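First to last, the sequence lines map onto chains A and B. Quick note: the first sequence uses my numbering, first residue 1, plus one each step. Quick note: the second sequence uses my numbering, first residue 1, plus one each step.
If you are wondering where the hints come from, they were derived from the structure by calculation, not from laboratory data. These figures come from a predicted structure and were not determined experimentally. All C-beta atoms in this analysis are idealised placements derived from N, C-alpha and C, irrespective of residue type, glycine included. There's no promise every hint is true.
[As the list claims (entries may be wrong)] Cut-off 27 Å, straight-line C-alpha distance, at most; resulting in silico cross-link-like pairs (DSSO-like, lysine-lysine):
1. Lys81/A <-> Lys120/B
2. Lys81/A <-> Lys207/B
3. Lys92/B <-> Lys104/A
4. Lys221/B <-> Lys173/B
5. Lys112/B <-> Lys95/A
6. Lys68/A <-> Lys141/B
7. Lys99/A <-> Lys238/B
8. Lys95/A <-> Lys120/B
9. Lys99/A <-> Lys120/B
[What the hints assert, rightly or not] Residues of chain A clear of chain B, computed beta-carbon distances all greater than 10 Å:
10. Glu3
11. Ile5
12. Asn10
13. Ala13
14. Leu20
15. Glu84
16. Leu92
17. Ala106
Next come the chains, spelled out residue by residue.
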Amino acid sequence: MSEVIFNDANFEAEVLKADLPVLVDFFATWCGPCRMQGPIVAELAAEVTGQAKVGKLDVDQAPAAAQKYGVMSIPTIIIFKGGEAKATLVGLQTKEVLKAELAKLA
Amino acid sequence: MNYDLIIIGAGPAGLTAAVYARRRELKVLIIAKSVGGQMALAHEVENWPGTQSISGFELANNLKTQAETWGAEFVSAEVLQIEKTAAEFVIKTDGAQYSSEAVILGFGLTPKDLGVPGEKELIGKGVSYCATCDGPFFRNKKVAVVGDGNSALEAVEYLAKLATQVYLIIKAKEFRGESILVKTIKGLSNVEVVCCYTATEISGTTKVEALQLAHIESADKRELVVDGVFVEIGQAPKTGWLKGLVDLNERGEIIADKLTQTSVEGIFAAGDCTDVGFKQMVIAAGEGAKAALSAYKYIAAKAGKVAMPDWGGKK
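Here chain A stands alone, though its shape is the one from the complex (with noise of 0.2 Å):
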């Protein structure tokens, strides 16, 4: 599956309320080292087809959700499930770390 894009709009029905576990990239348009994230997260989305569902959410564009689960540092990636904020990685991760992460959730 490829990644989904989520949003202030989307975020209630695609995140808190998805079965699957859903891992929320927070980037924005302006951060270098989220640029280096954002390849490593489409293809996550890609691999792990079925198991969880993958996207990337731009906090300029979505500003509530950032703020609610107060990022204040991007790259931020937290996984989400049941509803609930699971895991939260700041900075830049790997897709090892990621999968991992993932895999503890399944």
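For this one, chain A is given, so just place chain B on it according to the hints.
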């Protein structure tokens, strides 16, 4: 044996090494935390030969595409350990291991941390290593920038546009740096330069609340009430995990000779993580090319195809 050559790092050194090694038909794996490293963060590169101007991100992606086109494989992971066995090198990441005949270390530099209490715990909760990334989260808040170099000054100039108050904490007695930047910062009404202090602790429970400072000479202490602490104290090679394997210099840089050979036969090193004289992208790329050719020669010699290079008295 999984691979002929494993390259750790995907900056100019690692990616160039991959292209050169693939052109010699070595089976190559690149293991890296990200593609491009510091290069990908450069807004504009104007000293890459043959290119008037290009963003670092685009240049990094061009190099990656080139390495992929030549058939290099990539893994996004952090290498934690290299083990030398009789026949090969075993490279371990968090969840996997790979083996190869030769290794090139080309993982560049990593931002330094302060190493004070509270820092690690409050990363992402007010502690930041990237002013341009995280500055906008501190609009109308108070922040401190720690660091004596130009990157600290650039962070202050940027943050002063967003925050109500910016403190710059420097160890030096005098406020120095690029003269234009110094002049600009001196003219900003919401910036206070705090000289002769070092950061001793970042306090806060769920987020940063204050930065504790100690005077470098007297017993004087100061507390700054801030919402954010930006650490801008430069970069260093992250080589602690290599101690006991390859020789490092006093700065923690990997010691590599002019053929990029390290103290261990079969391990080569290139670019900013080494003791190379200048930390420049084009130099790192050149060193990466040398490392690939040296590794090729080493692998060929092991297979009995060419004479073994002389490693002198090395391990």
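Evaluation of the provided hints:
At most 27 Å may separate the alpha-carbon atoms for a hinted pair to count; Lys81/A and Lys120/B meet this at roughly 26 Å. Proposed proximity of Lys81/A and Lys207/B is supported: the alpha carbons are some 24 Å apart, at most 27 Å. Our distance criterion of 27 Å between C-alpha atoms is met by Lys92/B and Lys104/A, whose separation comes to about 21 Å. Our distance criterion of 27 Å between C-alpha atoms is met by Lys221/B and Lys173/B, whose separation comes to about 16 Å.
Our distance criterion of 27 Å between C-alpha atoms is met by Lys112/B and Lys95/A, whose separation comes to about 23 Å. This hinted pair checks out: Lys68/A and Lys141/B have alpha carbons roughly 18 Å apart, not beyond 27 Å. Straight-line distance between C-alpha atoms of Lys99/A and Lys238/B comes to about 24 Å, which keeps the hinted pair within the 27 Å bound. With a C-alpha separation of about 22 Å, the suggested pair Lys95/A and Lys120/B falls inside the 27 Å cut-off, and the hint holds.
Restraint check: the Cα-Cα separation between Lys99/A and Lys120/B comes to about 23 Å, which is no more than 27 Å; the hinted pair holds. In this structure Glu3/A is separated from chain B by more than 10 Å, as the shortest Cβ-Cβ distance comes to about 15 Å. No Cβ of chain B comes within 10 Å of the Cβ of Ile5/A; the nearest lies about 20 Å off, and the non-interface call holds. Distance check for Asn10/A against chain B: the nearest CB is about 23 Å away, which clears 10 Å, and the non-interface claim stands.
Remark: the non-interface label on Ala13/A is consistent with the geometry, its nearest Cβ contact in chain B lying 26 Å away (cut-off 10 Å). Distance check for Leu20/A against chain B: the nearest CB is about 21 Å away, which clears 10 Å, and the non-interface claim stands. Residue-level check passed: Glu84/A sits 17 Å from the nearest beta carbon of chain B, beyond 10 Å. Taking the minimum C-beta to C-beta distance to chain B, about 5 Å, the non-interface status of Leu92/A is violated against the 10 Å cut.
Separation of Ala106/A from chain B is adequate, the least Cβ-Cβ distance of about 14 Å exceeding the 10 Å criterion.
Comparing the model with each earlier hint shows a violation of hint 16 alone; every other hint is respected.
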